[in-house]
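Protein chains in written order, with this note's numbering: chain V, 27 to 222; chain Y, 8 to 393; chain R, 15 to 444; chain X, 13 to 114.
What the hints contain is simulated information worked out from the structure, not anything from laboratory work.
Treat each hint with caution, since some may be false.
[Said to hold, decoys possible] Below are the DSS-like pairs computed for lysine-lysine, each with C-alpha atoms no more than 27 Å apart in a straight line: (1) R:Lys62 <-> Y:Lys209; (2) V:Lys220 <-> Y:Lys55; (3) Y:Lys55 <-> V:Lys219.
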Amino acid sequence: MNPVLNSALNTTINPGMAPVATPFFFYLLAGLAIAGGVLVITRRNSVHSALALIGTLLSVAGLYLMLYAPFVAAAQIIVYAGGIMVLFLFVIMLVNIERVSKERRFNRIWPAGVSAACGLMALFVFAFVKGKALFPDRLMTLRESSNTQEIATMLYGERGKMGQYSFGQYTFTFEIASLLLLVAILGAVIMTKKKM
Amino acid sequence: MNAPAKDGTQDVSKPWQSEKPYLDSNELIINMGPQHPATHGVLRVILKLDGERVLGTECVIGYLHRGVEKIAENRTYAMFNPYVDRMDYVAAVSNGLGYCEAVEKLLNVEAPPRAKYIRVILTELNRIASHQLWLGTHALDIGAMTPLFYTFRDREEILKIFERYCGARLTAHAFRIGGCQYETYAGFEKDVKNFLTFVAPKIDEYEALLTTNRIWLERTKNVGVISAADAIALGVTGPVLRASGVKWDLRKAQPYAAYSDFDFEIPVGTRGDTYDRYLVRMAEMRQSLGIIEQAVNAIPEGPIMAKVPKVIKPPVGEIYHSIEAPKGELGYFIVSDGSTQPYRLRVRPPSFVNLQALDIMVRGLLVADVVAVIGTIDIVLGEVDR
Amino acid sequence: MPNFVMSYLGSTVTPGQAGNQFWALIYVLIIFAGVSVAVVAMNWIERKALAHFQIRLGPMRVGPHGLLQPIADALKLMLKEDIIPAEADQFVFWVAPLIGLLAAFAVYTVIPFGPSQAVSDMNIGILFMLGVSSLGALGIVVAGWASNSHYPLIGALRSTAQMVSYEVAMGLAVVSAVLMTSLNSTGTGTLSMIGIVQAQQQQGTWFIFKFFPLGLLAFMIFAIAMIAETNRAPFDMAEAESELTAGYHTEYSGLRWSLFMLAEYAAMIAVSSIAVTLWLGGWMRPFPNLLQAPLWEFTFSLFPGLTFLGLAAIAGVGTARMPSHSFFRIQRIGLGVFASLLASIALLLLLIAVAGRSADTSIAARFSEGIGYVYWFVLKVAIFMYLFIWYRATWPRYRFDQLMRVGWKVLLPISLGVLIATAIVGVIIS
Amino acid sequence: MVPITTFHYLVVAAALFVLGVIGVLTRRNVVIVLMSIELILNAVNLNLVAFSRMWGNLNGQVFSIFITVDAAAEAAAGLGILIAFFRNKETINVDEIDLLKW
Chain V
27 MNPVLNSALN TTINPGMAPV ATPFFFYLLA GLAIAGGVLV ITRRNSVHSA
77 LALIGTLLSV AGLYLMLYAP FVAAAQIIVY AGGIMVLFLF VIMLVNIERV
127 SKERRFNRIW PAGVSAACGL MALFVFAFVK GKALFPDRLM TLRESSNTQE
177 IATMLYGERG KMGQYSFGQY TFTFEIASLL LLVAILGAVI MTKKKM
Chain Y
8 MNAPAKDGTQ DVSKPWQSEK PYLDSNELII NMGPQHPATH GVLRVILKLD
58 GERVLGTECV IGYLHRGVEK IAENRTYAMF NPYVDRMDYV AAVSNGLGYC
108 EAVEKLLNVE APPRAKYIRV ILTELNRIAS HQLWLGTHAL DIGAMTPLFY
158 TFRDREEILK IFERYCGARL TAHAFRIGGC QYETYAGFEK DVKNFLTFVA
208 PKIDEYEALL TTNRIWLERT KNVGVISAAD AIALGVTGPV LRASGVKWDL
258 RKAQPYAAYS DFDFEIPVGT RGDTYDRYLV RMAEMRQSLG IIEQAVNAIP
308 EGPIMAKVPK VIKPPVGEIY HSIEAPKGEL GYFIVSDGST QPYRLRVRPP
358 SFVNLQALDI MVRGLLVADV VAVIGTIDIV LGEVDR
Chain R
15 MPNFVMSYLG STVTPGQAGN QFWALIYVLI IFAGVSVAVV AMNWIERKAL
65 AHFQIRLGPM RVGPHGLLQP IADALKLMLK EDIIPAEADQ FVFWVAPLIG
115 LLAAFAVYTV IPFGPSQAVS DMNIGILFML GVSSLGALGI VVAGWASNSH
165 YPLIGALRST AQMVSYEVAM GLAVVSAVLM TSLNSTGTGT LSMIGIVQAQ
215 QQQGTWFIFK FFPLGLLAFM IFAIAMIAET NRAPFDMAEA ESELTAGYHT
265 EYSGLRWSLF MLAEYAAMIA VSSIAVTLWL GGWMRPFPNL LQAPLWEFTF
315 SLFPGLTFLG LAAIAGVGTA RMPSHSFFRI QRIGLGVFAS LLASIALLLL
365 LIAVAGRSAD TSIAARFSEG IGYVYWFVLK VAIFMYLFIW YRATWPRYRF
415 DQLMRVGWKV LLPISLGVLI ATAIVGVIIS
Chain X
13 MVPITTFHYL VVAAALFVLG VIGVLTRRNV VIVLMSIELI LNAVNLNLVA
63 FSRMWGNLNG QVFSIFITVD AAAEAAAGLG ILIAFFRNKE TINVDEIDLL
113 KW
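Sequences and hints are given; from them, build the entire structure.
If you want it as structure tokens, here you go:
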């Protein structure tokens, strides 16, 4: 067993605060997410599938809140639901999907695709069942109010502490991520610009 | 807004089915239909667009054509007088002045000085009213709602004076061939003086609201530019011509009806864009106030009607007489064959001629600017279609 | 039961934090009822104020001075036929106004009307607000698409592009305000809205006055972006009837259309209450630190009562000057009842204020304090609402490309500059 | 009701992942394929946050923000390609995009 796993397993774990939401909310949100996922890939009309995807994204954001990850939930709503989905809807409208929806939805070799996916699912189930011991089923304590602050400090270091200027663990990675975004923006602009 | 009339056959029932998706729309022909709110009456403009930019325009007119000139050939000179007011219904009084002076010239009769002064006062009041209506609707087209109500409140005062003088507010059949029909009512001078003191600060109100308004500047500066050479080539007259820098005003160039007695300047613009036309018209309103003041103070006594025979039979011949209407040079060309009815009566309406400049001004602009430019040329469809 | 209610009346923790779903539900109902009343009142005030700007009277016929006009409009819209255009997408056409409404109303769960008067105090308050306000754009895009005709589609694409581009500037302005919260002695900033107002209380200045030019600049950027975000006044490209494209909600009619209007007004109130929370010190009464003396405390607690008294006086004068013709008899009675209602509320508020003054620990004291918080907050939001109407009356409309140019080339660089400047000044000073 | 454990979140994430894979493999419309990829990335995010919650430290959540950034970049680039392609070939059908250079 690798050492990290050991240390985690036998640390004294006190049963944390009562989970924020009852299992009812979990099943509701999970159900919504999966139902949305199914709708995304089955709808003939791409605007319907875009709306279904928005539903999935929002319900997954709800799941994040249940996992004491408010910052990630908010980022998800802003970036995913508010940004990327608007981009998708824009493109769907500009590309005048009306004609495309008349054609067949699934390609001819869809049985192969579905069987491959089922194989994948079997693999997951096998991994979960085998590795049950890997996932201790007790809840770690993670103070909810703290982690937005901690994420900020991890991302960007303790700025506020009287001028001490120490980088957080991930500042460098954060810069690379912004570089990635820059490349994506440039690529999108160059490709879509009309030959003015 | 009717569906886009494409040159190819397009299944109108499903507008959504245009072959070219909106994404890379090339040549798109859009109708700014006759009933569009911003076309000041029934003017249909066919816009050839590339996406948002205007490539060319084509004005379809005639929706308000009543055949006024043909009717004139079967009416006696006096009977035709009210028709003239229905052409440019916003500046009806100046139409009447033009017609009466043309016929007087035909009869080589001179209106008495008092009639001339009354005519000047009423025409200048009408110029202010016409400019106020222009400002209200033009600002509304560009989005500013409030000036419309300010201008209409002040215009109401002028229409009250007309009503008291000759019974009609808009198509005031105020003048007769040879002079004026009615003597000025008792408090005429007092009303006009009150009006002058009332409206002067109001014009400052319009200026305060719009002249230094950043968004107004942005929407009007360098929009719909027409150079002096193009303006002259197209025969454009009036504030549109003066805004392009040409100092030409018939009241000074060919003085008529006692204008030579008053001194006033001619406001002139420099770049010939929408903002200059706005400034020129605002300055013109102030000049008109000055003229009215001088006229009211120095109005002479005496008869108001020259000796004109009951049945007007002008000698055979033809004349052309033009005056400075609020929109530009309004000309009357009358051919008389000695009978009581004109053989031919041709009207040179300023709006019709100015409308030709629309295409040059609008080329290369965006669709939103077409609305602003139509407003700034200040056309009235009654006059364009006659 | 009473002590259960008392426990929450006096509680210093927002129901959301206390984890009590029941009490949170009541707060939600109170806030949504309040917002709907505010939307109705806003509708009336907008029409009357706009009218008086334009030297006309505005609605006078329905109820005394048009007071019942919004209700009449609402009824009319409900009874109007609800046309769905042919081949429009039924489901999407039905969902679009709901998305818009959801986005507009979800923001209210985060807005603090008082230290404990908020539905819940999320520690990501501001982020949640930004996220949900960006959902509004989705509702509009989908509405434009579902109407299945060219011009609403173009209108929808335009107003969404406008909302998305001004959202960036708005976000940066908000970030610079949040940055100010962390530059105090404790050195830890906060995203929670109640935390921001408390930070302003601690630092003793409203953020609009902090680091003098920067706070004001950020506030101005937010104010401009806020107008563009709700498609209002100089940026109302969508409803520009004189332009070629019609708005995204042209194909809607009846109740569905009124949902869009409700969403627009609710978004206006939401966005201006965020501006108040971030820069104008949310529920704090003016000069909370300088004028500490109990006498000052008492006078400020009288303000709510006095305002309602003023309103009652205006309504009273209205009844007195109502012409005595029989036609106006009902209107006179109506206005009289309205005036007496306002007067009684004023009396009640004054009573609470006085009672609160006498015994400090009593419920009345806590109640008058709570009312004070809500009063000051709502007063500041009302001032913002008036600004919206004022802009609409005076400004002409931007052309679409100018609008985008202002958004991207003017607001964005300035807000970036303000953000960097705030950070530098913050690090230097603290 | 058994309390919610990390295992439950993994099952939901796996389900979303599989749905995404089915979407990518079977659908012909490029936009839907891009959306399925978004679905897959979302499933990955959910896993990361679930594990970060289980281990009690925040690395998982920070990394999930990077995944969101990447998803945004990927969506922008993907849609850019789609628009550029659509302008030339009038179709957004995955099967017909078979020329390396047109």
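Verification of the hints:
1. Between Lys62 (chain R) and Lys209 (chain Y), the direct Cα distance comes to roughly 23 Å. Compliance with the 27 Å bound is thereby established for this hinted pair.
2. The hinted pair formed by Lys220 (chain V) and Lys55 (chain Y) meets the criterion: a straight-line CA distance of about 20 Å does not exceed 27 Å.
3. Between Lys55 (chain Y) and Lys219 (chain V) the alpha-carbon distance is near 23 Å, which keeps this suggested pair within the 27 Å criterion.
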